[in-house]
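Chemist: Starting from the given sequences, assemble the full structure and let the hints guide the process.
Take a look at the letters that make up each chain.
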Amino acid sequence: MPEFYNEHVQNALLLGTARYPSPTILEDAIRSAEVDVITVSLRRESGGSNAGQHFWEMIKRLGVRVLPNTASCYSVKEAVTTAQMAREVFETDWVKLEVIGNPDTLQPDVFGLVEAARILCADGFRVFPYTTEDLVVADRLLQIGCEVLMPWGSPIGSGQGINNEFALRTLRSHFPDVPLVVDAGIGRPSHAAQAMEMGFDAVLLNTAVARAGDPVSMAKAFTEAISAGRSAFLANPIEQNDMAEPSTPVLGKAFLS
Amino acid sequence: MPEFYNEHVQNALLLGTARYPSPTILEDAIRSAEVDVITVSLRRESGGSNAGQHFWEMIKRLGVRVLPNTASCYSVKEAVTTAQMAREVFETDWVKLEVIGNPDTLQPDVFGLVEAARILCADGFRVFPYTTEDLVVADRLLQIGCEVLMPWGSPIGSGQGINNEFALRTLRSHFPDVPLVVDAGIGRPSHAAQAMEMGFDAVLLNTAVARAGDPVSMAKAFTEAISAGRSAFLANPIEQNDMAEPSTPVLGKAFLS
Amino acid sequence: MPEFYNEHVQNALLLGTARYPSPTILEDAIRSAEVDVITVSLRRESGGSNAGQHFWEMIKRLGVRVLPNTASCYSVKEAVTTAQMAREVFETDWVKLEVIGNPDTLQPDVFGLVEAARILCADGFRVFPYTTEDLVVADRLLQIGCEVLMPWGSPIGSGQGINNEFALRTLRSHFPDVPLVVDAGIGRPSHAAQAMEMGFDAVLLNTAVARAGDPVSMAKAFTEAISAGRSAFLANPIEQNDMAEPSTPVLGKAFLS
Amino acid sequence: MPEFYNEHVQNALLLGTARYPSPTILEDAIRSAEVDVITVSLRRESGGSNAGQHFWEMIKRLGVRVLPNTASCYSVKEAVTTAQMAREVFETDWVKLEVIGNPDTLQPDVFGLVEAARILCADGFRVFPYTTEDLVVADRLLQIGCEVLMPWGSPIGSGQGINNEFALRTLRSHFPDVPLVVDAGIGRPSHAAQAMEMGFDAVLLNTAVARAGDPVSMAKAFTEAISAGRSAFLANPIEQNDMAEPSTPVLGKAFLS
Amino acid sequence: MIDLYLNGEAISTDAENLAALLQDCGYEHDRLATALNGIFVHRESRTSARLSPGDRVEVVSPIEGG
Amino acid sequence: MIDLYLNGEAISTDAENLAALLQDCGYEHDRLATALNGIFVHRESRTSARLSPGDRVEVVSPIEGG
Amino acid sequence: MIDLYLNGEAISTDAENLAALLQDCGYEHDRLATALNGIFVHRESRTSARLSPGDRVEVVSPIEGG
Amino acid sequence: MIDLYLNGEAISTDAENLAALLQDCGYEHDRLATALNGIFVHRESRTSARLSPGDRVEVVSPIEGG
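Chains as they are written, first to last, in this note's numbering: chain G, 1 to 257; chain F, 258 to 514; chain E, 515 to 771; chain U, 772 to 1028; chain A, 1029 to 1094; chain Y, 1095 to 1160; chain R, 1161 to 1226; chain B, 1227 to 1292.
Be aware that a few hints might be false.
Within a straight-line C-alpha distance of at most 35 Å, the following computed DSBU-like cross-link-like pairs (lysine-lysine) qualify [claimed, not checked]:
1. G:K60 <-> G:K77
2. F:K334 <-> F:K317
3. U:K831 <-> U:K848
4. E:K591 <-> F:K334
5. G:K77 <-> U:K831
6. E:K574 <-> E:K591
Across the chosen pairs, the derived CB separations fall in these ranges [unchecked claim]:
7. F:E502 <-> U:F946: 15 to 25 Å
8. F:I282 <-> G:P176: 25 to 35 Å
9. G:P176 <-> F:G304: 22 to 32 Å
10. U:F946 <-> Y:N1111: 44 to 54 Å
11. G:P176 <-> E:E759: 17 to 27 Å
12. G:P176 <-> E:F689: 36 to 46 Å
13. R:T1207 <-> E:F689: 42 to 52 Å
To be clear, the hints were calculated from the coordinates, so they are not data collected in a lab.
For each residue, glycine too, the CB sits at the ideal point set by N, CA and C.
Modeler: Structure, rendered in structure tokens:
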């Protein structure tokens, strides 16, 4: 099971909590998939409203760890302030750092990301940067204090899976000891299993569960697939080869013609 | 769970039993992965030998169903005689019908396959034909009495996974009510999950488990991945799309610039 | 340049003649792409009509070779009779033999194909069978007298390109001396170049040119791409590798830090 | 034909000049492929040597345009000084700006790249930045004065082709009016045709030609394939679809059963 | 008069053989091939190919094809 | 009375500091975080965070996120 | 004595039928199936399956398979 | 005599500036560019570029590149 900033996590599926048909379905999904870490966010609260309090109570009831995000932040300042507010509200120094660079792809702005990460690491945060597959950017993030990397698979919510397998494999082999999480773009359990088979430590996803026809069942499916992918990685899978190899032994075959 | 010839099967992973490091590891793999159907074969037995008897006792001990194959048969006659011998020895009329057409790819000879299937169906066998992804061949096999189809993913033992996804999807959509099993070529749990997500009913594999570094762990991983893929298929996965979609709601975001 | 049944062909692009915006555009496409072999067909002619005669005159004017097809034939009998009629009308014993097995995929019925090919080869035809990527079927076709094979890339008119590259590579390596033509499914010049780079001898296509916005220009593009792919195959391309290799020499680089 | 910084270029194949078996073969390749722009570099010259002079004379003899690179530069300072030296020696303000971030992948360091590009654009250079597929980085480069972008296909010299087609398509659609060149990783003419079919304006490559068995023939093949890809892009290719469509008209087919 | 099918359409004809039928029906050029009840009839055999009631005659000529 | 923006809406308030503003506006629970003009204000600093005309105050609380 | 092939090996035997052959050759368990000259012989037909010189007898039992 | 580095090799020279150094070292053509301690020196500035002990001089000329 993955370890982030010296904390052991019980499930390598990190699950987003937005876009579910109802809070009840969200809660059921988290429980039935035995999720340990959920991502959360902040929004404006009006006086007299109890929306935030209710969501907080659900978190407490579930007993899960939270990873607050800085979703929709396009500037370093926004991201940093959001992280600071999240730390106070959610009582954690973990932060999923998003500095978005483009509204169509919702991809990281790697310049802003590195700058914000530097500020937040120096301020005591434990930063989980949502980044691209760029090896050089990854190296910068590690140098300034990040101890986890979360490269995207494909654009957020697109369900395309892993668009650049070669680059993700390269990341994995360059940083064998850094926890790596594929974050964003995962559409189906097979995508998640593939990421884990490549040696990734965890998978973060939201839309693929929340917008499935049956989110509870889909959440469980992802937990299973991620567990399967991890086991397969550790069990040393066979190599691909071009020629067939008989599985049934040929020796001792009866001669019947 | 899949149903073949009116029999319900408890695990959509059908597991081959050859090429394991030891009989003990094979037995552990079957147990820990909760496999319900295993494939088996026949070989020449010498007088005084108890090899076959021992293997049979293991089968009985495990309480699994057996699916005897006609591996390495290149002619209709060989395949038919092998099937008949297997029915007597294994006390089942199920048969995984292989009529091999080429020693390098170990691919089906579809001409021989259809002929042998016709003979065996008429003789009361319940034929599980190992076939290609060819829709027209599939149609013939169904017309002559096969009630299951087992198209290959890629060459036996190659671990390449699904080489022609389009053709397998086409098969699935043309025969929505026929149990379809991807047989051969699966290398990793993500391949198996992918097959199940495409709506296949089961996956048959051997080498990917038997030749893994840790076959017991790998067998369990395949059971999990296949379960995940099936659940995902039933839970109605999201469609892929080209543009990103924010998972965290944008409405209500604080303005912090 | 490819050779079929001892006839040298000047362009490895074999071009279909249907579905063009106009006969003039068809004629321009053939000319500008310097096509040497076109596929043609037969249809019912009414008394008093000159449609067939006009098309024939265009063929004569262009000076191209014709390869009549048996399109839309679903039975052996239909295909054989069509081939016989085509031989008389087009004055050639070449025939693109199609025995279709499914109206959705328009894929070959390999059973009917082999039977019809046997009849036609025995009757003196030079058969160009439209077949699948099935190696065993290919072997049968060769044994009964075909000296060319035309496996599909993907369904006719689908433009998907090569759906099962592994199987086509396998065909190529098993039959190094047989002229092999990828027929059907090609959508773009890069698909055609890829087929030629794999060592195929020619590419047959129709829809990708006829239904392009500018068929004349697209036909020329295919001729170029096919020529490029062939040249590349003969020029021994580099192998893929995982690591980068500097193209500019590192030795002698100035030290400027 | 592409236009870079208001200069029309006669061939969309930009060709590297390193790693050829001999200068003669390089010269033949450039001539026979009718290349208009070649990339060149600088290295230490000893007193009394005429190596640089000879290479320069070859360039003059060929009458080609040169695009000097800053290969192997890992720092902004190195890259800037190299660009300045190149401008003087090659008498051009074009520069292929490489700021390398990793010796294994030879990928761009996007941070150094943007900084160096800013300095060079301000100094009057016409910068051709060798960059990644990152849309946000691309946007920065355009904002600071680059009028061409050269995203990589895959690592230099790897011959893998286009590893992240989605990202390159995204770049193309976001910057419809910016000349885009796929630079690095191209292995075969079909890769280059694919890039052009996606709407890219040019392709820059070196190893795929220089290390081919027959570089002269391979260079011509790339010129053809690139021309084909460009024509296809302009000729409006057909869309892919899942179902087959008969090319030969079904109406009027003889009834022969 | 014989009732038969020419290219799928019911017609009545006085022609006794295939060659005569083609002439009667106004076929002007001979870039044609013929089949009778699904069997190919060579050009030189058309005169000897006698027609019977219910026969299915096909007459085809060149067209574009893929 | 000070005119300022609370979560993007123009309001007038008698409150002189952030803590007072929250109380006046009826915030009942304290699973909240605050920012003043884009700068985070710690819970314990809200009383010392004086308000000025035109200030932009943001008050946020937990919500689902991806 | 009959010379025949048992599982591909040349042997000489006094056995006159398949059942007797199995017994003579020391087959102890009956998780076996038999074929004579490539044709399956049912367990209950082994006694009536007479052996002739040159016969090819196959005796198989369960093994792992894929 | 000044001890400096020319293209990475230690040399001793009487030349007082870059232009003189090039001449002394036998550079015959001028398809060259120069850098002094990592900074580009224009062709026309070579005479005014005075050399000091420990200087790193780079002299480059055209070569093939990718």
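Chemist: Against this structure, judge whether each hint is valid.
Modeler: Now for the hints, and whether the structure bears them out:
1. G:K60 <-> G:K77: 30 Å, holds
2. F:K334 <-> F:K317: Between F:K334 and F:K317 the Cα gap is close to 30 Å, so the pair holds against 35 Å.
3. U:K831 <-> U:K848: Distance ~30 Å between U:K831 and U:K848 Cα, so the pair holds.
4. E:K591 <-> F:K334: Distance ~30 Å between E:K591 and F:K334 Cα, so the pair holds.
5. G:K77 <-> U:K831: Status violated; Cα separation ~53 Å.
6. E:K574 <-> E:K591: With a Cα-Cα distance of about 30 Å, the restraint between E:K574 and E:K591 holds, given a limit of 35 Å.
7. F:E502 <-> U:F946: 15 to 25 Å: Between F:E502 and U:F946, where Cβ atoms are some 22 Å apart, the hint holds.
8. F:I282 <-> G:P176: 25 to 35 Å: 29 Å, holds
9. G:P176 <-> F:G304: 22 to 32 Å: 56 Å, violated
10. U:F946 <-> Y:N1111: 44 to 54 Å: For U:F946 and Y:N1111 the Cβ distance comes to about 49 Å; the hint holds.
11. G:P176 <-> E:E759: 17 to 27 Å: 23 Å, holds
12. G:P176 <-> E:F689: 36 to 46 Å: 45 Å, holds
13. R:T1207 <-> E:F689: 42 to 52 Å: Roughly 51 Å apart at Cβ, these two residues keep to the hinted range, so it holds.
The structure fails to meet hints 5 and 9 from the earlier list, while all remaining hints are met.
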